[in-house]
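Build out the structure end to end from the sequences listed, making use of the hints.
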Amino acid sequence: MGLIVVLLFAWMLVIAFLAFVACTFEDLESDIGSQSNPNSQVQLAAQVGQVHRFFNKAISGEPLSNALYCATAGTITWMLLQKLEPFVPDAPWKAAVLAIPVGVLGAAMVHLIFSTTAHCGRTVAQKRFEQPLYLDVLYGHLLPIATHGYMTTFCITTIAYIQSNLGTLSGNPALNHPFALPMLGFIWGITVGSIGSSTGDVHYGTEREFQDRPFGEGKRVIYHGKITRYAECGIRTQRDIAGFCAKFGGPVTGMTFGLIILFENWRNMVGMVLAGFLPDLPAFTPTGDMTAVISIVAGLLIIAALALGNLTFVRWVRKRCGPFVGE
Amino acid sequence: MEPTLMILILVLVVIGGLLASLGAHLLPVGGAPAAMGTATGIATGTVQIMLGAVMTGLFTASSVATLTNNLALVALSGAIGATIMISVVMLMANILYAFGCGVVPVSGRVPVDPITKEPQTPYKTPQTDGHGVPNVVFVSGMLGGFSGGLGGALMYYALLNYAHFSPNTAGIGAMSIFVPNAIIAAYNIRGTIEGFHDPKFKRLPFSLATSFVVSLLCGIVVVIAASVLGGVA
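Chain order of the listed sequences is A and B.
For the first sequence, position 186 matches number 186 in my numbering, and the numbering has no gaps at all.
For my numbering, count along the second sequence from 1 and bump the result up by 327.
Treat the hints as calculated values from the structure; they're not laboratory data.
Any given hint could turn out to be false.
[Stated by the list, open to error] Some chain A residues well away from chain B (every beta-carbon gap over 12 Å; in silico): (1) 61; (2) 80; (3) 81; (4) 89; (5) 101; (6) 106; (7) 113; (8) 139; (9) 150; (10) 171; (11) 179; (12) 192; (13) 256; (14) 321.
[Said to hold, decoys possible] With a cut-off of at most 20 Å between alpha-carbon atoms, the simulated SDA-like pairs for lysine to any residue come out as follows: (15) 444(B) x 309(A); (16) 319(A) x 442(B); (17) 319(A) x 532(B); (18) 444(B) x 255(A); (19) 319(A) x 300(A); (20) 319(A) x 551(B); (21) 444(B) x 327(A); (22) 319(A) x 422(B); (23) 319(A) x 337(B).
[Unchecked claim] Take a look, some chain B residues computed to stay more than 12 Å from chain A by CB distance: (24) 332; (25) 338; (26) 401; (27) 425; (28) 447; (29) 523; (30) 540; (31) 552; (32) 554.
Quantities reported herein were computed from a predicted structural model and do not represent experimental measurements.
For each residue, glycine too, the CB sits at the ideal point set by N, CA and C.
Below is the structure:
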């Protein structure tokens, strides 16, 4: 097996690991800021007489807000790379060491501005329900939101940098992804937000927001808005929630994105290796077609395994828990 | 530009738009209620999960488009990429529902799972519309991901190889045509949908008709950009 295959495989694993970290922090960031779907309950709480100390940051849907941060970071990074790379022509990656953190810092600033305006705007709009704007809640949550968001955007921008330079880093520039760095940042920003919204928020919305309701049942409509306002000690804020969700919801969400990135890259790698596409890269030939065919077949096998896994899991969990026994 | 190419671009963009609309109706969208375990499906909005899946498919399709110029292979690669994304999300969401919230996957719209024939009603929490991703919903979601990914990749291929856009512009263009189609579907669904077995699925023809018109207009804009305006770099 050639060096290029080993390097491609190694970069694939690095990307999958970064994806795991990115999505874990994305979920925790949305929990701290109460963004996305469970936010509806925070919004509703004051209206049903439940005054609370939750941070209420519904900037937009998670995919779009994350795409905004990642595309901002990607654009600043890309511009800095254009300026810095000529200074280190022998090792252009050195420019990335400075460009990526600075680019992500710019995105974190945008994130903080949106968080502040979203929380203040939403909370003061609930004045008629006597919901105060607690300044300590505002100040206390901004730093955790910015740091968690920074981790997500940093990992996504790094993934975009690696993918847009994958060939150069592995030894053959023809393998670089055709999309530019900001475009890749936008794509993965949408995807990471989409996964964080659809997977991780369930742990916060179903369990942590309603922890004083029975475990083991869907939350009934009658409970809506009546969120758990008291913590293990004192009044609950989202800083308590991040610690709880980091034990299960965050890592499961991270694993979802990590697995998707791993499967997608792995099946393409398998196609390239088995069809003999590497190391000569004969694109637009029967070998290129065969690479695509093998990666499609590998993808179909993965989908079949996932469907079978869900079938088995649903059967197991229904048998284990049994029918609903409450009232 | 040759008239044949113009028609081909229009046809592919319209087919892509229709598939996007169909895919959005097949996806199990639970929205905010699903995040509380009050409704079946994926706990996010129609456009958001559709975009997430299709972006993954678009990434794969753009990679494959550098290896081969076969339309079917590029389109299928995008479709498989989107299906993998949505399948992993649904499986992991079920794991989270079961172990994090103690909720059994159950459909709120049908008393018996049409595929596995498992009873649903005895497992459902009262005052909810189901929870989690049961098997029939999983299958519908897979088909939705496949359809959406196929549509996105078809549009990308048309813009890249027939309209001769650069890969970045073709990607942005395909996404820009995809988003309005997904939004039209979201308006048509109005809230939550479980998939092909949901009564709301019967509203599909209205969405398809609107998508046809919107995609046709988008296709005409692409043809104008590629021919009259002299192409897009």
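We went through each hint and held it up to the structure:
Distance check for residue 61(A) against chain B: the nearest CB is about 5 Å away, which does not clear 12 Å, and the non-interface claim fails. With a least CB separation of 19 Å from chain B, residue 80(A) remains clear of the 12 Å interface cut-off, as annotated. Chain B leaves residue 81(A) outside its interface by the beta-carbon criterion, the shortest separation being 16 Å against a cut-off of 12 Å. Residue-level check passed: residue 89(A) sits 25 Å from the nearest beta carbon of chain B, beyond 12 Å.
No Cβ of chain B approaches the Cβ of residue 101(A) within 12 Å, the least distance being about 24 Å, so the stated non-interface status holds. Listed as outside the interface, residue 106(A) is consistent with that label: its C-beta sits roughly 21 Å from the nearest C-beta of chain B, beyond the 12 Å cut-off. The Cβ of residue 113(A) sits about 22 Å from the closest Cβ of chain B, beyond the 12 Å cut-off, so the non-interface label holds. For residue 139(A), the condition that its CB be more than 12 Å from all CB atoms of chain B holds, with the nearest at approximately 27 Å.
The claim that residue 150(A) lies off the interface holds: its Cβ sits roughly 22 Å from the closest Cβ of chain B, which is beyond the 12 Å cut-off. No Cβ of chain B comes within 12 Å of the Cβ of residue 171(A); the nearest lies about 17 Å off, and the non-interface call holds. Not every CB of chain B lies more than 12 Å from the CB of residue 179(A), the least distance being 6 Å, so the non-interface label is violated. Residue 192(A), annotated as away from the interface, has a beta carbon of chain B within 12 Å; the closest lies near 8 Å.
The Cβ of residue 256(A) sits about 4 Å from the closest Cβ of chain B, inside the 12 Å cut-off, so the non-interface label is violated. Not every C-beta of chain B lies more than 12 Å from that of residue 321(A), the closest at about 5 Å, which undercuts listing it as non-interface. With a CA separation close to 18 Å, the supplied pair residue 444(B) and residue 309(A) stays within the 20 Å bound. Of the supplied pair hints, the one linking residue 319(A) and residue 442(B) holds, its CA atoms being roughly 18 Å apart against a limit of 20 Å.
The suggested pairing of residue 319(A) with residue 532(B) is violated, with an alpha-carbon distance near 39 Å, which exceeds 20 Å. About 31 Å separates the Cα atoms of residue 444(B) and residue 255(A), which puts this hinted pair outside 20 Å; it is violated. Restraint check: the Cα-Cα separation between residue 319(A) and residue 300(A) comes to about 29 Å, which exceeds 20 Å; the hinted pair is violated. The suggested pairing of residue 319(A) with residue 551(B) is violated, with an alpha-carbon distance near 59 Å, which exceeds 20 Å.
With a C-alpha separation of about 25 Å, the suggested pairing of residue 444(B) with residue 327(A) is violated against the 20 Å cut-off. Distance restraint check for residue 319(A) and residue 422(B): the Cα-Cα separation of roughly 15 Å lies within the 20 Å cut-off, and the hinted pair is therefore satisfied. About 51 Å separates the Cα atoms of residue 319(A) and residue 337(B), which puts this hinted pair outside 20 Å; it is violated. Distance to chain A confirms residue 332(B) as a non-interface residue, since its nearest Cβ pair spans about 19 Å, more than 12 Å.
Annotated as non-interface, residue 338(B) keeps its C-beta farther than 12 Å from every C-beta of chain A; the closest such distance is 22 Å. Look at residue 401(B): its CB is around 7 Å from the nearest CB on chain A, not clear of 12 Å, so calling it non-interface is violated. Against the 12 Å criterion, residue 425(B) falls within the reach of chain A, whose nearest CB is about 5 Å from its own CB. A Cβ of chain A approaches the Cβ of residue 447(B) within 12 Å, the least distance being about 10 Å, so the stated non-interface status is violated.
With a least beta-carbon separation of about 16 Å from chain A, residue 523(B) lies farther than 12 Å from that chain, consistent with its non-interface assignment. For residue 540(B), the requirement that its beta carbon stay farther than 12 Å from each beta carbon of chain A is met, with the minimum near 25 Å. Against chain A, the non-interface label of residue 552(B) holds: every CB pair exceeds 12 Å, the least being about 18 Å. With 12 Å as the threshold on Cβ separation, the claim that residue 554(B) sits away from chain A holds: the shortest Cβ distance comes to roughly 23 Å.
Hint compliance for this structure: hints 1, 11, 12, 13, 14, 17, 18, 19, 20, 21, 23, 26, 27 and 28 are not met, and every other hint is.
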